[in-house]
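So the sequence lines, in the order shown, correspond to chains A and B. If you read the first sequence in my numbering, its first letter stands for residue 1, the second for the next number, and so on. If you read the second sequence in my numbering, its first letter stands for residue 1, the second for the next number, and so on.
Heads up, some of the hints might be wrong.
[Stated by the list, open to error] Heads up, incomplete: computed chain A residues facing chain B, CB under 8 Å, no partners named:
| hint | residue |
| --- | --- |
| 1 | Val16 |
| 2 | Cys20 |
| 3 | Ala24 |
| 4 | Phe25 |
| 5 | Ile136 |
| 6 | Tyr140 |
| 7 | Ala142 |
| 8 | Leu153 |
| 9 | Trp157 |
| 10 | Leu165 |
| 11 | Met169 |
| 12 | Leu287 |
| 13 | Ala291 |
| 14 | Ile295 |
| 15 | Ala299 |
| 16 | Val302 |
To be clear, the hints were calculated from the coordinates, so they are not data collected in a lab. Predicted model only: the values in this text are computed from it and were never measured. All C-beta atoms, glycine included, are put in the ideal place defined by N, C-alpha and C.
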Amino acid sequence: MLTDIAARLQALFDQVHLWCSQSAFWSGVFAVGWSLFKVVLIIAFMVVNVLVLVWLERKVSARIQSRLGPMRVSRPHGWAQSLADMVKLLGKEDIIPRSADRALFVIAPIVSFTAALLVYVVVPMGPSAVVSDLNIGMLYLAAVTSFTVMGVLMAGWGSNSKWTLLGAMRGAASIISYEIPMVLAVLGVVMLAGSLSTTAIVQAQSGLWNIVLQPIGFLVFLAALFAELNRVPFDMAEAESELVSGFNTEYSGLRFAFFFLAEYANLVALSAIGVTLYFGGWQGPVLPPLAWFLIKTYAFIVLVMWIRWTLPRVRIDQLLSFGWKVLLPASLVNLAVTGIYLLWV
Amino acid sequence: MSFLDGLAALAPTIGFFVLAVIILVSAWMVSHARRITHAAFFMVLVFTGVAGVFVLLGADFLAGGQVLVYVGAIAVMFLFAIMVSDLKEISDAETRARGAGTGSAAAGGTGTRKVWFVLAGLVTVGFAGLVLAALARSGLPAGAVGAAAGPGTTAPIARELFTTFLVPFELASVVLLVAMVGAIVLVAREREEEVE
């Protein structure tokens with residue numbers, strides 16, 4: 001039944017594609033239309049996952065703290081809580097502080113959201129289920145995460161408040177410090193696969209997962225992930241017990257929702273990248289690739305949440321010295337060992 | 001239909017001109033934005049636009065590197081420098097400079113301004129001529145970069161960097177390292193003096 005529908009859709013798609021390829025103009029229109037369709041698909045995937053994750057995060061944290069978590073909005077286990085939260089957020093008043101830098105204040109959530117969206121382009125969900133298999137995949141990923149910093153800095157500066165500015169500066173400092181060990185750790189995987197393409201990296205792990213070959217690299221990647229995602233123990237940009245709510249303190253309503261969406265979308269995207277890099281991506285027996293991809297990604301997300309609700313926040317100086325004095329040397333050693341292994345072993 | 005096909009063939013050119021306008025307007029805004037943070041964010045837009053031009057040329061690795069280094073590192077460093085510097089001080093200095101400007105306007109301030117305009121114009125024309133002459137000499141046919149690159153530019157760039165350009169490449173990294181160590185030494189010395 002399902003495969004039948006898929007086959008029919010494929011046939012329809014082929015027909016339209018064939019018709020469009022008759023002229024340069026229509027094939028251009030087709031390319032643009034197809035890309036737009038993919039963008040809509042990604043946004044839908046993002047939003048659904050974020051709604052699930054917000055509920056999951058509350059449930060996981062409740063479990064860790066011996067609570068029940070949301071129970072009242074629909075049964076079982078208050079699964080519609082996120083929907084209710086979303087409606088509440090959309091209904092809230094949109095406030096722009098009078099002393100804010102209006103342009104930056106308005107653009108910041110859009111930049112954050114776009115940066116999160118762009119990461120999904122190279123996430124491989126199956127052998128051919130990737131938006132665009134760029135041959136500079138991992139470099140693209142490192143480049144795109146730079147825009148996350150821009151969003152945080154714009155929000156922090158544009159709000160014109162001490163909490164947001166402090167949050168933004170700490171957040172940016174931690175993100176750019178941890179980006180270096182992260183990229184160096186990822187380079188080990190890239191060297192093993194001999195390619196920057198995410199699809200090629202998954203295919204290179206058909207025998208053995210990279211977590212076995214790159215244990216140090218994985219630990220460095222995992223630590224840096226928390227800084228990139230602004231999560232406890234490295235949630236410098238938010239630090240709600242010191243900075244109210246950090247860089248997004250002055251935001252409300254829909255604009256706040258965009259930051260919220262971007263944060264959880266980044267969690268999904270970077271967890272998916274972690275699975276791609278170290279856990280064999282979509283590969284696995286019996287089940288279809290997409291199922292394996294989702295299972296592994298969600299397992300990774302639960303691991304991230306588990307750590308987030310177990311550890312306390314570190315201080316900014318502890319964070320930076322850990323990054324530069326422990327993670328950076330570790331990632332360099334990992335890189336050197338990988339190089340020696342590839343050349344002589 | 002042929003008109004539409006022509007339009008499709010022109011798409012990269014149109015893309016280039018759109019990017020060019022974005023880059024030039026942003027570059028103008030970098031030097032003319034009223035707030036210094038806006039100037040820095042416009043610089044981010046310039047860097048991103050240049051990365052877009054690299055993509056159009058088929059130099060995807062360069063585009064990625066451009067964004068990673070210029071947006072992710074250099075622009076962030078600029079923003080940090082702006083945010084940690086005492087902005088009140090800057091605006092005070094600015095108003096003083098403006099006051100001085102209006103004061104000296106009576107004594108032929110507009111004259112000096114004209115001289116600066118002419119000088120800037122001369123430098124611009126000279127630089128543009130230099131770039132054009134270099135382009136003409138190199139004899140690069142249009143689209144040569146993309147054609148030579150093929151499916152991916154990562155491997156060819158790496159090969160060139162570690163064979164033909166090995167010495168300049170390593171020298172550049174040594175120069176960067178020296179600059180970095182120098183900066184740290186200078187700042188550390190200042191800190192020590194402050195403590196004393």
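Status of the hint placing A:Val302 at chain B (closest C-beta pair under 8 Å): violated (30 Å)
Hint validity - A:Val16 Cβ closer than 8 Å to any chain B Cβ: violated (17 Å)
Hinted contact A:Met169 with chain B - closest CB pair below 8 Å: holds (6 Å)
Status of the A:Ile295 interface restraint (C-beta, 8 Å, chain B): violated (31 Å)
Evaluation of the interface hint that places A:Cys20 against chain B, nearest CB under 8 Å: violated (11 Å)
Restraint outcome when A:Leu287 is required to lie within 8 Å of chain B by C-beta distance: violated (32 Å)
Restraint satisfaction for A:Leu153 [CB to CB of chain B, less than 8 Å]: A:Leu153 check passes; min Cβ-Cβ to chain B is 5 Å, inside 8 Å.
Given hint A:Ala142 near chain B, where the shortest CB pair must fall under 8 Å: holds (5 Å)
Chain B contact restraint for A:Ala299 - C-beta distance below 8 Å: Cβ of A:Ala299 sits 30 Å from chain B, so the hint is violated.
Hint check: 8 Å Cβ-Cβ cutoff, A:Ile136 to chain B: holds (5 Å)
Interface hint compliance - A:Trp157 to chain B, C-beta minimum distance less than 8 Å: Because about 6 Å separates A:Trp157 from the closest Cβ in chain B, which is inside the 8 Å limit, the hint holds.
Restraint check, 8 Å cut-off on beta carbons, for A:Ala24 near chain B: Holds: closest Cβ of chain B sits about 4 Å from A:Ala24, inside 8 Å.
Of the numbered hints listed earlier, those contradicted by the structure are 1, 2, 12, 13, 14, 15 and 16.
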